[in-house]
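A.B. asks: Sequence:
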Amino acid sequence: MIQIRPMTPEDFQRFWPTFQAIVQARQTYAFDPGLDLERARALWLETPLRTLVAEEDGELLGSYFLKANAGGPGAHVGNCGYMVGESARGRGVARLMCEHSQKLARQEGFLALQFNSVVATNEVAVALWHKLGFDTVGRLPKAYRHAELGLVDCLVMYKWLADEPVVEKPPLLIGRKNIEARVSRRRGR
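Numbering-wise, the UniProt record's numbering puts 26 at position 26 of the sequence shown, and it's gapless, one number per residue.
Worth double-checking, as some hints may not be accurate.
Unchecked claim - Straight-line distance between alpha carbons at most 25 Å, and here's what the computed SDA-like set of lysine to any residue pairs gives: (1) Lys-159 with Glu-108; (2) Lys-67 with Ala-42; (3) Lys-159 with Tyr-29; (4) Lys-67 with Lys-159; (5) Lys-159 with Gln-114; (6) Lys-142 with Asp-153; (7) Lys-103 with Thr-47; (8) Lys-159 with Leu-132; (9) Lys-142 with Thr-28; (10) Lys-103 with Ala-127.
Derived by calculation from the structure, the hints in this document are not laboratory data.
Could you build the full structure based on these sequences and the hints that come with them?
C.D. replies: Written out as structure tokens, the structure reads:
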């Protein structure tokens, strides 16, 4: 049975060959193919809010991270990255990690998830994200330099996670009484 748990620094050592192979293939991730182990560890394990692994019988199948997509007023939208080892592909690992990440994102207070740059030629991932409820909300023409196909498009994908839209404060009702109260307030208060 596949289990998902927090990644440890030792796990990253085991995950490094998968990370390195995926990044160096230049087909799905816009990470520098020349990243060394330490910079990759910082990017994948230390910078995100959470980083997890999918494991079965001691075999590390894949990993994902969860972080805020932006800061300040955009911090309620999360962002994830998923990697699955070549030998584990086609076994539902990415689906399991994406479903897990959505639950974790809700627990961490995120109201939505946004994938900023899904390589459009990664048809398996695009189809899976659509099946899991993500919408394509934008297309970035020729935004990725694919190792085999040259310049290809990237997709921005988004899914609202909250049960209903969240309103931080009620809208200001403008009526005669509110206008009079605002106009008649003394300055300096």
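A.B. asks: Hint by hint, note whether the structure agrees.
C.D. replies: Right, here's what the structure says about each hint:
Only pairs whose Cα atoms come within 25 Å are accepted, and Lys-159 paired with Glu-108 is accepted, the gap being roughly 16 Å. Between Lys-67 and Ala-42 the CA atoms are separated by roughly 13 Å; this keeps the pair inside 25 Å, and the hint holds. Between Lys-159 and Tyr-29 the CA atoms are separated by roughly 20 Å; this keeps the pair inside 25 Å, and the hint holds. For the hint pairing Lys-67 with Lys-159, the CA-to-CA distance comes to about 15 Å; that is within 25 Å, so the pair holds.
Restraint check for Lys-159 and Gln-114: satisfied, since their Cα atoms lie roughly 7 Å apart, inside the 25 Å limit. Distance hint between Lys-142 and Asp-153 is fulfilled; the C-alpha atoms sit about 4 Å from each other, no more than 25 Å. Of the pairs offered as hints, the one joining Lys-103 and Thr-47 holds, with about 20 Å between alpha carbons and a cut-off of 25 Å not exceeded. This hinted pair checks out: Lys-159 and Leu-132 have alpha carbons roughly 9 Å apart, not beyond 25 Å.
This hinted pair checks out: Lys-142 and Thr-28 have alpha carbons roughly 14 Å apart, not beyond 25 Å. This hinted pair checks out: Lys-103 and Ala-127 have alpha carbons roughly 20 Å apart, not beyond 25 Å.
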